[in-house]
Amino acid sequence: MKLEAREINLPKTIGHWARPDEPRVIHAENIFAYMNGAGELYLGYRFHHLEVFDYRFDHHDTILVELYFMETSDDAFGLLSLDWGGESISLGDSPADAAHKSLPSSTRALYGAGLLRIWSDNLYARVMAFRETPASKQAVLALGQAITANRKNPPEPALLQIPPRTVDSSWKLRKDRLSFFRSYLVLNSMYYLSEENILDLDLSTEAITAPYEHISGPSGRKRIQFLCVKYDNHERARKALNHFHDTYLSEHKKAFKGDSASKGPSLFTLEDGWLAYTLVNNCIAIVFECPDQESARKIIGKNESNLRKNGGYHER
Amino acid sequence: MKDRKPVVTRRDFVRGTIAATIGTSIFGFPWAEGKEKAVRSSLVTIVRDKNAMDSSKNVDTTILNNMLEQTLIKVTGQKNWFRPRI
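These protein sequence lines map, in sequence, to chains A and B.
Number 123 in the working numbering belongs to position 123 of the first sequence; there are no gaps in the numbering.
Number 53 in the working numbering belongs to position 53 of the second sequence; there are no gaps in the numbering.
Okay, chain A solo, but in the shape it has when bound (with noise of 0.2 Å):
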């Protein structure tokens, strides 16, 4: 696997500003005293190593880049994910496989108050300047170019083409909200669940979460939350549910077998709406917040049945 910077071909000036020979390198062991508790997100992700580079002109007027490499393309693509706020940039790498242009228009990298945010293949790059102008903007998106010159555009991670984009003409999947991740920390910043890690998440677990928004009609609620996870095998998907249900449903009956080909999904009642769950081969699928049992029923048999209709979710 190439990790190095050396494969990246960084101008040693970009408009006045000019950057040391050698980055900073960062590794797990270290990043703590790099970043603080920050580090946390990228340990939620496989993270091999960070380079850092700064490009000075003066002590004020600095231009930061971190090149965080990644041990596979869907860890970067996560990074990214956390976040689609900025103005979506294309800094002229060739569009992914047209199959996979699923999720945020195949977004690849994002400008926003003078940081730019880059996923290109196993890298997640941070541009950013300090101080924002014209001239630094233009020096951000020319370094974004430099990072992202021939290197090769993998697909979103194959997980993101399970949730249906509509159902039933009255729910719309939030691309605009959709986040691949691995650990029960980076689910809880974006949609909290638990303080411990009642679901099983570790680094070889593939999860997304996105809402649903409910389209039009006399619905209260409007939003419902999706999350569907990937294990290893079929019994550790298994005792992961079991997990889960004996933590957050504790006082409901268990309806599940453990067998991948259950009579279809489990639904509970709750203080905050309807949660549905279902499991497929080596896959948990999970709504909560629904505003009725027909809503739940309705979006995860969507789910389940693009969970069995899809194959390649199986032990590996």
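These are calculated hints, taken from the structure and not from any lab test.
For clarity, every value in this text was computed on a predicted model and none was experimentally measured.
Note that CB positions come from ideal geometry on N, CA and C, so glycine has one too.
Any given hint could be a false lead.
Quick list of the computed label-pair ranges, beta carbon to beta carbon [unchecked claim]: (1) 48(B) with 213(A): 22 to 32 Å; (2) 40(A) with 77(B): 44 to 54 Å; (3) 52(B) with 203(A): 36 to 46 Å; (4) 189(A) with 58(B): 26 to 36 Å; (5) 70(B) with 20(A): 50 to 60 Å; (6) 149(A) with 55(B): 45 to 55 Å; (7) 47(B) with 305(A): 43 to 53 Å; (8) 20(A) with 55(B): 23 to 33 Å; (9) 70(B) with 21(A): 24 to 34 Å.
Please arrange chain B on chain A, whose structure you already have, making use of the hints.
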């Protein structure tokens, strides 16, 4: 389930029983299912000041201090906030 340490979940926040859950967790009491009393809702304060940062994104520490003091005054309900001498 009675021997299991109670785990704080989203549902505790929705039910307003977060204090009860944490309390039983700290003191090791068994989970008193169905006996939690709803506590008063949480207080969230937001203090904004458009001058906290200048156009170059430099933070004005005097304004930031005032904002922190305003936060403490709102949370504690006191009229003034005195910085302790350490």
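Right, here's what the structure says about each hint:
1. 48(B) with 213(A): 22 to 32 Å: holds (28 Å)
2. 40(A) with 77(B): 44 to 54 Å: violated (34 Å)
3. 52(B) with 203(A): 36 to 46 Å: holds (38 Å)
4. 189(A) with 58(B): 26 to 36 Å: The hinted range 26 to 36 Å holds for residue 189(A) and residue 58(B), with Cβ atoms some 28 Å apart.
5. 70(B) with 20(A): 50 to 60 Å: Hint violated: Cβ distance 42 Å, outside 50 to 60 Å.
6. 149(A) with 55(B): 45 to 55 Å: Violated - the Cβ-Cβ distance for residue 149(A) and residue 55(B), about 33 Å, lies outside 45 to 55 Å.
7. 47(B) with 305(A): 43 to 53 Å: At roughly 48 Å between Cβ atoms, residue 305(A) and residue 47(B) fall inside 43 to 53 Å, so the hint holds.
8. 20(A) with 55(B): 23 to 33 Å: The hint (23 to 33 Å, Cβ to Cβ) holds, given that residue 20(A) and residue 55(B) are roughly 29 Å apart.
9. 70(B) with 21(A): 24 to 34 Å: Violated - the Cβ-Cβ distance for residue 70(B) and residue 21(A), about 47 Å, lies outside 24 to 34 Å.
When each numbered hint is compared with the structure, violations occur for hints 2, 5, 6 and 9.
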